[in-house]
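**Student:** With these hints in hand, go ahead and build the complete structure from the sequences.
Number of protein chains: 2
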Amino acid sequence: MKIRLLSLAAIGLACALPAAAQFAKPEDAIKYRQSGMSLMATHFGRIGAMATGKAPFDAKAAADNAEVVAFVSRLPFAGFVEGSDKGGNTKAKPAIWTENDKFKAGASKMQEEVAKLNTAAKTGNLDQIKAAFGEAAKTCKACHDDYREK
Amino acid sequence: MKIRLLSLAAIGLACALPAAAQFAKPEDAIKYRQSGMSLMATHFGRIGAMATGKAPFDAKAAADNAEVVAFVSRLPFAGFVEGSDKGGNTKAKPAIWTENDKFKAGASKMQEEVAKLNTAAKTGNLDQIKAAFGEAAKTCKACHDDYREK
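In order, the protein sequences belong to chains A and B.
Adding 12 to a residue's 1-based position in the first sequence gives its number in our numbering.
Adding 12 to a residue's 1-based position in the second sequence gives its number in our numbering.
Some hints could be false.
No copy is singled out in the list; a pair is fine if it fits within one copy or between any two copies.
What the hints assert, rightly or not - Derived DSS-like pairs (lysine-lysine); straight-line CA-CA distance at most 27 Å: (1) LYS162 / LYS103; (2) LYS37 / LYS66; (3) LYS72 / LYS121; (4) LYS142 / LYS37; (5) LYS72 / LYS37; (6) LYS142 / LYS105; (7) LYS116 / LYS66; (8) LYS72 / LYS116; (9) LYS162 / LYS72; (10) LYS66 / LYS150.
These are calculated hints, taken from the structure and not from any lab test.
Being a predicted model, the structure only gives us computed values, none of them experimental.
**Tutor:** Quick look at the structure:
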């Protein structure tokens, strides 16, 4: 139910922020999406460090980090506007726009999985967090493999 | 009460993310705080456009943008760790660390005002949003004047 609510919130936000007109220049859209991705990577990475035993498990920190990831996951995709395949220092591949439905489906899948990670993190159960982290990480990798230059 | 809860959440998050050890390199901390500030600026700017009549008022968009600003306002200050006055392309002034209590008080004031803006935005009342936006904008400017290079 929580996941469903978050998905609805994501849809609501996407509808409220519809247009390329939200960004004056392609560079602004690129900076926006990179900022969101960067924040996600930082907080997701901290959960990963706990999930893989590289950092001591701290249930409160895991929950806080997962909350940030889930919230911020709603944001960056609004920055992949038409015409922002060039303009800044972007690694975005043209396929984002030529197969945009598939790209968006990948984004939605990631948002679902980080919402599940957020739910798992609130339980404080490390095994559940590890499992949910792994599923979420797969969705990051899938899109990065297909849509981000090395 | 909502503001109080958000402040408590902010304190909780700050406690969960305490240490410079959260960032491997000063560059990482700088990128993190700049990413957070950039997201805030984008969403705050959209409310500003409505508050100043440069964009048509859309109550749902204002509320969504204010929610993002309030949430993300909790994040970037964790990136002002000791030793991150240099290392990347930062405009942070040394005074951030030499008068850190004052800097932190400015950050807290901003977080309070954007929480109020979030509350105002949920009312859908443009006059309330304009007033809260103005107060929040003052807190941005105050810290940028004192702590950010031109």
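**Student:** Hint by hint, say whether it matches the structure.
**Tutor:** Hints and how they fare:
Taking CA atoms no more than 27 Å apart as the test, LYS162 paired with LYS103 passes inside one copy only; the shortest distance there is 7 Å, against 29 Å between copies. In this assembly of identical chains, the alpha carbons of LYS37 and LYS66 lie at most 27 Å apart only when taken from different copies (17 Å versus 40 Å within one copy). With identical chains, the CA atoms of LYS72 and LYS121 are at most 27 Å apart both within one copy (25 Å) and between copies (25 Å). When the C-alpha separation of LYS142 and LYS37 is checked against a cutoff of 27 Å, the pair qualifies only between copies, where the shortest distance is 26 Å, while the shortest distance within a copy is 40 Å.
Only between protomers do LYS72 and LYS37 lie at most 27 Å apart by alpha-carbon distance; the minimum there is 24 Å, versus 39 Å within a single protomer. Taking the shortest Cα distances, LYS142 and LYS105 never come within 27 Å of each other, neither inside one copy (30 Å) nor across copies (40 Å). For the identical chains of this complex, LYS116 and LYS66 are neighbours neither inside a copy (32 Å) nor across copies (31 Å), given an alpha-carbon limit of 27 Å. Taking the shortest alpha-carbon separations for LYS72 and LYS116, only the inter-copy value of 23 Å comes in at or below 27 Å, while the best intra-copy value is 31 Å.
Within a single copy, LYS162 and LYS72 get their C-alpha atoms no closer than 34 Å, and across copies no closer than 38 Å, so neither meets the 27 Å cut-off. Taking identical chains as interchangeable, the C-alpha atoms of LYS66 and LYS150 lie at most 27 Å apart only when both belong to the same chain, with a minimum of 19 Å there against 42 Å between chains.
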